[in-house]
Amino acid sequence: DVKVTQSSRYLVKRTGEKVFLECVQDMDHENMFWYRQDPGLGLRLIYFSYDVKMKEKGDIPEGYSVSREKKERFSLILESASTNQTSMYLCASRLQTGGVSYEQYFGPGTRLTVT
Amino acid sequence: GENVEQHPSTLSVQEGDSAVIKCTYSDSASNYFPWYKQELGKRPQLIIDIRSNVGEKKDQRIAVTLNKTAKHFSLHITETQPEDSAVYFCAARIKGGNKLTFGGGTRVLVKP
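Those sequence lines, one after another, are chains H and B. For the first sequence, this note's numbering begins at 12 and goes up steadily by one. For the second sequence, this note's numbering begins at -8 and goes up steadily by one.
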């Protein structure tokens, strides 16, 4: 059974703070993703990583960066948190092998509030 | 890039009735269309998906239809039950691409 975990369920930070959100998956998946979820906007892709040390911008990368030093861990970094980054953040991972992509599995989410 | 629109944003049905959610996509190169269900306070989970070489797929009470010409696909839930209450997301992925583009979500409420 695939397990994707995120470091915190709830997080409250102040404007200007540097924020780290961690995601870990235990199924040796190549691909990992960070989304933010806002009402009426669905899930919007911030960044994804198709392998260790590989990353690619998603649809809304501004104000975020990522790090993937190990295959199982994908970190989202808010360099200087702002109130408009208050949101639910979801991590996901996916097996990709032989040119075939499989189902994305999501983590439980981190609800971040920036005050 | 791909754009996915989803309607309606909210849907209230009586238990036992059917529910239909529709999505349209913009890029004709999209070939994979999953549907995710997110119960309150939980993570999204894949409930059904369809690829562009198939027009319809069914799994018990849920079915998905795809019209490639019109670039739209729909989720059908029959004999709805209270446990079907959730937010449903459609998504599309371009052939050979890595990312899913999601619709805005539909909040479904099944009234007993």
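Be aware that one or more of the hints could be misleading.
Pair ranges (Cβ atoms, derived) [what the hints assert, rightly or not]:
#: 1; chain 1: B; residue 1: GLU(-4); chain 2: H; residue 2: LYS14; range: 30 to 38 angstroms
#: 2; chain 1: B; residue 1: PRO(-1); chain 2: H; residue 2: THR97; range: 33 to 41 angstroms
#: 3; chain 1: B; residue 1: LYS59; chain 2: H; residue 2: LYS64; range: 19 to 27 angstroms
#: 4; chain 1: H; residue 1: GLU28; chain 2: B; residue 2: LEU31; range: 24 to 32 angstroms
#: 5; chain 1: H; residue 1: GLU28; chain 2: B; residue 2: SER0; range: 47 to 55 angstroms
#: 6; chain 1: B; residue 1: PRO(-1); chain 2: H; residue 2: MET99; range: 17 to 25 angstroms
#: 7; chain 1: B; residue 1: GLU(-4); chain 2: H; residue 2: THR97; range: 21 to 29 angstroms
#: 8; chain 1: B; residue 1: LEU100; chain 2: H; residue 2: LEU52; range: 18 to 26 angstroms
#: 9; chain 1: B; residue 1: GLU70; chain 2: H; residue 2: GLY74; range: 19 to 27 angstroms
Chain H residues, not near chain B, derived (Cβ > 10 angstroms throughout) [to be verified]:
#: 10; residue: ARG55
#: 11; residue: ASP70
#: 12; residue: TYR75
#: 13; residue: LYS82
#: 14; residue: SER93
Just so you know, the hints here were simulated from the structure itself, not pulled from any lab data. For glycine and all other residues, C-beta sits at the position ideal for the given N, C-alpha and C.
> Should the label of ARG55 of chain H as a non-interface residue stand, given a Cβ cut-off of 10 angstroms to chain B?
Replying inline: Since the minimum Cβ distance to chain B is about 7 angstroms, ARG55 of chain H lies within 10 angstroms and the statement is violated.
Assessment of proposed distance window 17 to 25 angstroms (beta carbons of PRO(-1) of chain B, MET99 of chain H) | This hint holds: roughly 22 angstroms between Cβ atoms.
query = Would LYS82 of chain H pass as off the interface with chain B, using Cβ distances and a cut of 10 angstroms?
reply = holds, 16 angstroms
> ASP70 of chain H: least C-beta distance to chain B exceeds 10 angstroms?
Replying inline: violated, 7 angstroms
### Task
Hint says 47 to 55 angstroms; check whether the CB-CB distance for GLU28 of chain H and SER0 of chain B agrees.
Given a distance of about 33 angstroms, which is not inside 47 to 55 angstroms, the answer is violated.
**Message:** Against the range 33 to 41 angstroms, how does the distance between the Cβ atoms of PRO(-1) of chain B and THR97 of chain H compare: consistent or not?
**Reply:** violated, 26 angstroms
Open item on the list: For the hint 18 to 26 angstroms, verify it against the beta carbon of LEU100 of chain B and that of LEU52 of chain H.
Closed with: Hint holds: Cβ distance 20 angstroms, inside 18 to 26 angstroms.
Inset, instruction - Take the C-beta atom of GLU28 of chain H and the C-beta atom of LEU31 of chain B, compute their distance, and say whether it sits inside 24 to 32 angstroms. - result: Because 29 angstroms falls inside the window, the suggested range holds.
*Taking the beta carbons of LYS59 of chain B and LYS64 of chain H, is their distance inside 19 to 27 angstroms?*
37 angstroms Cβ-Cβ, so the 19 to 27 angstroms window is violated.
* To do: With 10 angstroms as the threshold, tell me whether SER93 of chain H passes as away from chain B on beta-carbon distances.
  => holds, 23 angstroms
field: Least C-beta distance from TYR75 of chain H to chain B larger than 10 angstroms
entry: TYR75 of chain H clear of chain B: closest Cβ-Cβ about 15 angstroms, beyond 10 angstroms.
Inset, instruction - Mind checking the hinted window 21 to 29 angstroms against the Cβ distance between GLU(-4) of chain B and THR97 of chain H? - result: holds, 25 angstroms
Of the numbered hints given earlier, the model fails hints 2, 3, 5, 9, 10, 11; all others are met.
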